[in-house]
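Asks: Sequence:
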Amino acid sequence: MKRLHRAFAVTTAASLLFASPILAQTTEGAAGETVTETAPYSDAKIESFAAAAKSVEQIVTEYKPKIDAAETDEERRAIADEANGEMRSAVEETDGITIPEYTEIARAAQRDEVLMQKISERMRQAQPGEG
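If you count by this note's numbering, then the sequence shown holds residues 1 to 131, one letter each, in order.
Derived by calculation from the structure, the hints in this document are not laboratory data. Hints are supplied without guarantee of correctness; some may be wrong.
No more than 25 angstroms apart at the CA atoms, straight line, and that leaves these computed lysine to any residue pairs for SDA-like [stated by the list, open to error]:
1) K45 - E92
2) K66 - M116
3) K118 - K66
4) K64 - V114
5) K45 - E74
6) K118 - E92
7) K66 - R76
8) K45 - D112
9) K45 - K66
10) K45 - R76
11) K66 - A44
12) K118 - E74
13) K64 - P40
14) K118 - E75
15) K66 - T103
16) K118 - T103
17) K64 - S42
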């Protein structure tokens, strides 16, 4: 369980780091705001999030070594922009979830252990290539 929690936390953090342009576009005015409690998400929404997160995780796994190997900040930004585009497409292509919803749930999961567990379980159950 701890391993799943850690893996999801790393994936979420990495996806949010890479997806910063997405966050800027979809959460305007949210800087500094504190989310109080997690909204109840349907099982279908959690399922869709998990499928999208699996796709994002694969993209992060593919691009992290490329970013780490980049020699300049400009190269890192270009690679991160490419990864961001692929992550955005992966989320958009997942049925049942939008980019703003994905971002909202990812942020909520970082603060809500129960939601994190639900997502981790769904990600573990998901078959590779689903979504």
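Asks: Would you mind marking each hint as holding or not holding in the structure?
Replies: Verification of the hints:
no.	hint	verdict
1	K45 - E92	holds, 14 angstroms
2	K66 - M116	violated, 28 angstroms
3	K118 - K66	violated, 31 angstroms
4	K64 - V114	violated, 28 angstroms
5	K45 - E74	violated, 36 angstroms
6	K118 - E92	holds, 22 angstroms
7	K66 - R76	holds, 8 angstroms
8	K45 - D112	holds, 16 angstroms
9	K45 - K66	violated, 32 angstroms
10	K45 - R76	violated, 33 angstroms
11	K66 - A44	violated, 34 angstroms
12	K118 - E74	violated, 38 angstroms
13	K64 - P40	violated, 32 angstroms
14	K118 - E75	violated, 37 angstroms
15	K66 - T103	holds, 24 angstroms
16	K118 - T103	holds, 16 angstroms
17	K64 - S42	violated, 32 angstroms
Hints 2, 3, 4, 5, 9, 10, 11, 12, 13, 14, 17, counting from the list given before, are not met by this structure.
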